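Quick note on numbering: the sequence shown equals residues 712 to 1044 in my numbering.
Hints are supplied without guarantee of correctness; some may be wrong.
Claimed, not checked - The following label-pair restraints were derived from C-beta to C-beta distances:
no.	residue 1	residue 2	range
1	L943	G903	21 to 29 Å
2	G884	Q720	26 to 34 Å
3	L804	V944	49 to 57 Å
4	K909	Q850	45 to 53 Å
5	G785	E1026	36 to 44 Å
6	V800	G884	16 to 24 Å
7	V853	H796	24 to 32 Å
8	R843	D721	42 to 50 Å
9	G884	A751	26 to 34 Å
It is worth saying that the hints were derived from the structure and are not from the lab. The structure displayed is predicted, hence computed values, not measured ones. All C-beta atoms in this analysis are idealised placements derived from N, C-alpha and C, irrespective of residue type, glycine included.
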Amino acid sequence: MKNPTDLRQDFVRNVQLRHLRCLVAVAQERHLARAAERLALSQPAVSKTLSELEAIVGTRLVERSKAGRRGVQGLTAAGEQLLAHALRVLEALDASAQAVAPAAGGRIERLRIGALPSVAPALLPQALARLRDGWPQVQIVVKSAANAALLDELRAGELDLVVGRMSDPRLMGGLSFELLHTEPLVFAVRAGHPLALKAASVQAVLGYPLVVYGEGTIPRHNTESFLSARGLVLPTNALQTLDVAVARALVAVSDAVWITPLGAARGELADGRLVQLRIETAGTEEPVGLLQRSDAEPSALRAAMAVLLREAAREQGAVPPKARRKPRAGGSG
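I would like the entire structure built from these sequences, with the hints used as guidance.
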């Protein structure tokens, strides 16, 4: 059996950038065919490259899906460790290319932002507008999805930062969380809604169509917990959606009641398009924060966006004490 020194030397001598790019693509796409398409290779070529890398490191890196040979369930522990290093190598290579770009005619810098649908409307527009003023040439990509999906893509290097929430400890490993603000649930209805004309009870709300977030989301969990604490159950016919625009539009043209984090409806509540019912929701506050990879290479662009998000959060209301937490893989979230 080779000693650790020999194994390290073999790895350094044999591993190539194509191996690292292949691992990153497979980790991010979770599907061999999609990874192959992304790399402009055939699927057999991707499988061969992956097998070469596993032979070089001497262990399995990818857990294949039971549903089929093309699917990828995830990475092994060794695969996760190597992925973190592969991302740093590729980021350093990209930074080197950025450094010499002026001599080669310039290159557009890119920032990939993930944001929860319930959080994006309150914090992102202002921060993005200000970022554009200072970085007019940057390419900005914003993705909105459920928290677990965003954190998965952040850990895989597919996103540069996420405006979201703390999550399951397994998803928080290798990520840092900086608190921006907390927000409670609110019950929002159209102006002129029957319940808006008087102090409404939660029981009365259940007599109207409800719009709630999808299963598995923190707002949905908090909604069900809020009702359960009062001996009530969420009706099975409540409309479920992560699409904030759909929820707003439906509430605006009907008597539906939208149970949502305050940030998602703040603008409409402020200008009178929606009205907040007078229902006490203390205890439903949930922290919203900035998440980044703990091992990410320093980036002036990412740092600038973080500053602007903090400013936007302060201008939204209460300013939390500055705190930065780096949860461990086994820590609580």
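For this session: Check each numbered hint against the structure and report the violated ones by number, ascending.
Result: none
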